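Visitor: In the order they appear, the protein sequences are chains A and B. In terms of UniProt numbering, the first sequence has 109 at position 109, counting the first letter as 1, and numbering is strictly consecutive. In terms of UniProt numbering, the second sequence has 199 at position 199, counting the first letter as 1, and numbering is strictly consecutive.
Calculated directly from the structure, the hints in this document are not laboratory data. Bear in mind that the values here come from a model prediction, so they are computed numbers and not experimental data. Check each hint, because a few of them may be wrong.
Below are the DSBU-like pairs computed for lysine-lysine, each with C-alpha atoms no more than 30 Å apart in a straight line [unchecked claim]:
1. A:149 - A:64
2. A:273 - B:135
3. A:2 - B:135
4. B:205 - B:193
5. B:54 - A:216
6. A:273 - B:163
7. A:177 - B:163
8. A:30 - A:54
9. A:274 - B:135
10. A:216 - B:51
11. B:89 - B:51
12. B:98 - A:123
13. B:163 - A:282
14. A:315 - B:135
15. B:106 - A:123
16. A:128 - B:106
17. B:195 - A:198
18. B:98 - A:198
19. B:163 - A:174
20. B:106 - A:198
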Amino acid sequence: MKGVAITGMGIISAIGNSVEENYISLTENKIGISRIQNISTVHADIIKVGEIKKTNEELIDELKLNENNNFSRTAMIGTLAAKQAVENAGITDINEFRTGLISATSVGGMDMTERHYYDYFEKPELVKYITCHDGGDVAEKIAEELGLKGMVTTISTACSSAANSIMLGARLIKTGKLDRVIVGGADALAKFTINGFKTLMILSDDYNKPFDNTRKGLNLGEAAAFLVLESDEIVEKQNKKVLARVSGYGNANDAFHQTASSENGDGAYLAMKKAFDVSGLKPSEIDYINVHGTATPNNDLSEGRALLRIYENEKVPDFSSTKPFTGHTLAAAAAIEAVYSVLAIQNNVVYPNLNFEVPMEEFDLKPQTTLKNKNIEHVLSNSFGFGGNCSTLIFSKS
Amino acid sequence: MTQNISYIQSYITIQNNEIVLNGTSVFKIEPTDFADFSKQAYRNFEMQYPKFFKMDALSKLAFLGSELLLSPITSTEQENNIALVLANKSSSLDTDVKYQESISDKENYYPSPAVFVYTLPNICLGEISIRHQLKSENSFFIFDAFNAEFLSNYSGILLNTNKADSVLCGWVEFFNESYKAFLCIISADENTKYKNETINTLYNK
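Isolated chain A (complex conformation) (with noise of 0.2 Å):
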């Protein structure tokens, strides 16, 4: 099992505005939770997030978008880092092979239409923003600016979308439908996903700590990332680099509650099952995992329980949140891991599990808390969403 080839990658998060930003941040214990800045909310001195330190007007600017433009923050997140995905897979001619792209998205433009939901029906001049609402806006925006005539499509499972957006991906270029798609995602902060969270009562007013005794919650990040996938007669004919291949993925039902795991993990247990099913690899086969690790009490108690029931009678191999530096970004948060899992098998790293102090109580289960140097052929990213949407995938060396 070969796996399907990954040629670029595009990132942007709290960490860094490039592939290389955030590499360094991670090696480098640089995080991106602070305090917000770009939106105005009562709950600012309580909450941490993990923000992209640019203004919609610089975001604006660094695309040349002209004035009368509708983008949301996420359509324009989204288009630097698949833009950059792009530029990274030596793509010249975006509509020389089948090519299409796969964007995954919660938040759309819920964040144009937050801010002017109360006047827009005074203010004929608004409606522009609310007409971006549809989470499908964002993937359109970005075929737009990248000049993309091919199949255009969007995937909204809450915090696994873009696992799902890389396995559509990955199963249409494995099916011979595409030569090559560009898959990924993009959310950016927005009232709604905080209040939202708020209301749920799984935001931390601290760092989060993934997998520790003591979590008290996660803390929302925004970030897009893209990939570059492409077909063995594309890469064998350009004689493309390969960065790492996808070589597993697998998606389950969890079937418990809209808006929280269940205890002993069954969703998350059977999208990893599946996805080793898919890739012909076995659980010790694993070098690194990047676990889901939000920091709430709930995904880290089912997530840990899966891990154990996967890996029954052996050892779990190292693992961690990158969720510490980022904090979770959602719909885009299994894009940004996948960049960072191949940056991991790329670079023979683990990245640690900053914050961790205590384990948890139900479980022998400790992450990975220093950087740790060694080989890695494959890698196991795992994402999880509201809904009981749970995904796996599996990456590995060329």
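Chain A is fixed; fit chain B onto it per the hints.
Guide: Below, chain B without anything else, positioned relative to chain A:
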């Protein structure tokens, strides 16, 4: 492509204060609103599932129909590989409108999380999955009108590619007190009972 044969195993229709199961009226009451109708139906069939009362109207409608079709065939001991493929016209608009009304006044608003979670049509698939512990494939589609061909094809592919052992498919539409549910179970098990029927003819009965 191999010939794809599937059989309708059972079906149910809920509309106009009446529930018709496999062609037989099993519950009918005098005209009333859906909240009252659904509560009476729940009690009539002695369903033991208190979460029912927290659901929005669309989920209650889908739940009632699926409960009568699935309860006889699902088991808690074994995996129930039953896919769910539902569709409607109005999505979750009935609940969306109620939610919007709760936030439309800038000075006096209350966005209830309990209402908000139902502002997606596929939540009813989640309710059915949770009730019957289905960890199987599920999809919800929005069409202008009942689309038997699509439901039949999509379900056929799921069966044909071994993605599911059987499929609960159909239509669950609810908006402004106007409602209709039509659900059927199809699988590859031979069943000649409805051999002269199609999803379309049963829907229109």
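Visitor: So, for every hint listed, does it hold in this structure?
Guide: Results for each hint:
| no. | hint | verdict |
| --- | --- | --- |
| 1 | A:149 - A:64 | 21 Å, holds |
| 2 | A:273 - B:135 | 13 Å, holds |
| 3 | A:2 - B:135 | 29 Å, holds |
| 4 | B:205 - B:193 | 16 Å, holds |
| 5 | B:54 - A:216 | 28 Å, holds |
| 6 | A:273 - B:163 | 16 Å, holds |
| 7 | A:177 - B:163 | 20 Å, holds |
| 8 | A:30 - A:54 | 17 Å, holds |
| 9 | A:274 - B:135 | 13 Å, holds |
| 10 | A:216 - B:51 | 28 Å, holds |
| 11 | B:89 - B:51 | 25 Å, holds |
| 12 | B:98 - A:123 | 25 Å, holds |
| 13 | B:163 - A:282 | 23 Å, holds |
| 14 | A:315 - B:135 | 28 Å, holds |
| 15 | B:106 - A:123 | 17 Å, holds |
| 16 | A:128 - B:106 | 22 Å, holds |
| 17 | B:195 - A:198 | 54 Å, violated |
| 18 | B:98 - A:198 | 22 Å, holds |
| 19 | B:163 - A:174 | 18 Å, holds |
| 20 | B:106 - A:198 | 20 Å, holds |
In summary, the one numbered hint that this structure violates is 17.
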